[in-house]
Amino acid sequence: LAGVHITPSPWATPPNHKWYYPAYAACVEHKLPLLAYVGMPGPLWPMDPNNPAHLEEVALAFPDLKIVAHHIGDPWVDIAIRLAARHPNFYICTSAWSPKAYPKALLDFLKGGWHGTKGCDKVVFASDFPLLDMQRSVRDLRQLDLTPDQHRRFAYENARQLFWSHDAG
Numbered sequence: 001l002a003g004v005h006i007t008p009s010p011w012a013t014p015p016n017h018k019w020y021y022p023a024y025a026a027c028v029e030h031k032l033p034l035l036a037y038v039g040m041p042g043p044l045w046p047m048d049p050n051n052p053a054h055l056e057e058v059a060l061a062f063p064d065l066k067i068v069a070h071h072i073g074d075p076w077v078d079i080a081i082r083l084a085a086r087h088p089n090f091y092i093c094t095s096a097w098s099p100k101a102y103p104k105a106l107l108d109f110l111k112g113g114w115h116g117t118k119g120c121d122k123v124v125f126a127s128d129f130p131l132l133d134m135q136r137s138v139r140d141l142r143q144l145d146l147t148p149d150q151h152r153r154f155a156y157e158n159a160r161q162l163f164w165s166h167d168a169g
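Just so we're aligned: 99 in this note's numbering is position 99 of the sequence shown, and the numbers increase by one with no gaps anywhere.
To be clear, the hints were calculated from the coordinates, so they are not data collected in a lab. Just so you know, these numbers come straight off a predicted model, no measurement behind them. The beta carbon of each residue, even a glycine, is placed where N, CA and C say it ideally should be. One should not assume that every hint holds.
Unchecked claim - Label pairs and their in silico Cβ distance ranges:
1. Ala2 with Asp133: 31 to 41 angstroms
2. Thr147 with Ala26: 32 to 42 angstroms
3. Leu60 with Val138: 29 to 39 angstroms
4. Ala61 with Arg136: 37 to 47 angstroms
5. Pro148 with Thr13: 35 to 45 angstroms
6. Pro43 with Ser98: 14 to 24 angstroms
7. His115 with Thr147: 31 to 41 angstroms
8. Arg139 with His30: 28 to 38 angstroms
9. Asp149 with Pro10: 36 to 46 angstroms
Can you make the complete structure from the sequences, with help from the hints?
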């Protein structure tokens with residue numbers, strides 16, 4: 001087990017609902033990251049439960065919980081970025097997004113960060129294969145205007161630290 005994934009929209013239950021809290025406590029106990037689907041859902045489910053702003057309450061209640069905002073958070077990308085910059089254990093994952101389509105705000109964050117936070121340390125690359133072709137996604141990733149160190153952190157190191165460095169004890 002590498003992490004726990006929640007999808008708030010189908011249940012119309014935002015991630016700050018206390019119903020989830022026992023799962024969050026178990027994630028902290030077992031050092032597992034939480035992946036929370038954020039952004040506009042593909043199916044016709046309510047959008048609001050996927051607003052990343054709901055995750056701030058979770059980050060405050062569980063400061064040791066590693067939270068990964070899964071699917072960037074569009075149309076609330078700026079909120080996801082601010083949360084990643086504000087909370088040490090908050091990350092953004094690019095799954096289901098082609099690198100060619102990343103929002104400008106996310107690219108700017110990756111390159112330079114925000115308020116002293118290195119964005120390349122807070123964003124995790126994912127393709128959402130087979131939804132997106134892996135070879136094309138990696139090719140497009142390599143074409144992003146990032147330094148070699150930023151590429152390494154974004155494309156590999158952040159995921160390794162989040163999903164393979166924990167000791168589940």
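Here's how the hints hold up against the structure:
1. Ala2 with Asp133: 31 to 41 angstroms: 23 angstroms, violated
2. Thr147 with Ala26: 32 to 42 angstroms: 38 angstroms, holds
3. Leu60 with Val138: 29 to 39 angstroms: 36 angstroms, holds
4. Ala61 with Arg136: 37 to 47 angstroms: At 39 angstroms between Cβs, range holds.
5. Pro148 with Thr13: 35 to 45 angstroms: 42 angstroms, holds
6. Pro43 with Ser98: 14 to 24 angstroms: 20 angstroms, holds
7. His115 with Thr147: 31 to 41 angstroms: Check failed, 20 angstroms falls outside 31 to 41 angstroms.
8. Arg139 with His30: 28 to 38 angstroms: 36 angstroms, holds
9. Asp149 with Pro10: 36 to 46 angstroms: At roughly 39 angstroms between Cβ atoms, proline 10 and aspartate 149 fall inside 36 to 46 angstroms, so the hint holds.
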